[in-house]
Amino acid sequence: MKLPYPNTDKIPIVIKLSNGRMNENGVPIVLKEINTKCTLSEKQLFVRDQDGKLIRLESKVYIKGDIAPDINYLEGEVILFGKEYKIYKSSRPRQPNGIVYHTKLELI
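According to the working numbering, the residues represented by the sequence shown are 125 to 232, in order.
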């Protein structure tokens, strides 16, 4: 059974995925840069990290399918409306047949 994804991805987004390593200038090494469209939820939310610090999530973006099937852990930066955000958390829920339904990125 394949669940339909709503065709609401209209907002342009640039995703720069990195692996946490930096070059000699202190700039993160970009593994993959993705230019696509997304659905945006700008509801701000406060969460606590594993150390107990309060973090404000700025927004969540939803992108159809798996944006990086070759990368296990998604981290890096996102550019929306000319403003840069950091990826705090990501998830890739699967359909009953095992295919990734969408990619969700939570941004700070």
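One or more of the hints may lead you astray.
To be verified - Below, computed lysine-lysine pairings styled on DSSO-like, alpha-carbon distance capped at 27 Å:
hint	residue 1	residue 2
1	LYS140	LYS213
2	LYS177	LYS207
3	LYS188	LYS177
4	LYS184	LYS228
5	LYS188	LYS167
6	LYS134	LYS210
7	LYS188	LYS156
8	LYS213	LYS184
9	LYS177	LYS210
10	LYS140	LYS188
11	LYS140	LYS228
12	LYS184	LYS210
13	LYS207	LYS228
14	LYS210	LYS140
15	LYS140	LYS177
16	LYS184	LYS134
17	LYS140	LYS156
18	LYS207	LYS167
19	LYS167	LYS213
20	LYS134	LYS188
21	LYS228	LYS156
22	LYS207	LYS140
23	LYS177	LYS134
24	LYS134	LYS207
25	LYS210	LYS188
26	LYS228	LYS177
27	LYS134	LYS167
28	LYS213	LYS228
29	LYS161	LYS228
30	LYS140	LYS184
31	LYS177	LYS161
32	LYS134	LYS161
33	LYS161	LYS207
34	LYS210	LYS167
35	LYS184	LYS207
36	LYS228	LYS188
To be verified - Ranges of calculated distance between the beta carbons of each label pair, as one might list FRET restraints:
hint	residue 1	residue 2	range
37	GLY222	ARG172	15 to 21 Å
38	LEU178	ASN221	17 to 23 Å
39	PRO130	PHE205	36 to 42 Å
40	ASN196	GLU157	15 to 21 Å
Hint data in this document are derived by calculation from the structure and do not stem from the laboratory. Owing to the predicted nature of the structure, the values given are computational and were not obtained by experimental measurement. Beta carbons: idealized from backbone N, C-alpha and C, even for Gly.
List, from low to high, the hint numbers that the structure doesn't satisfy. Going through the list in order, the structure violates hints 3, 23, 31, 37, 38, 39 and respects the others.
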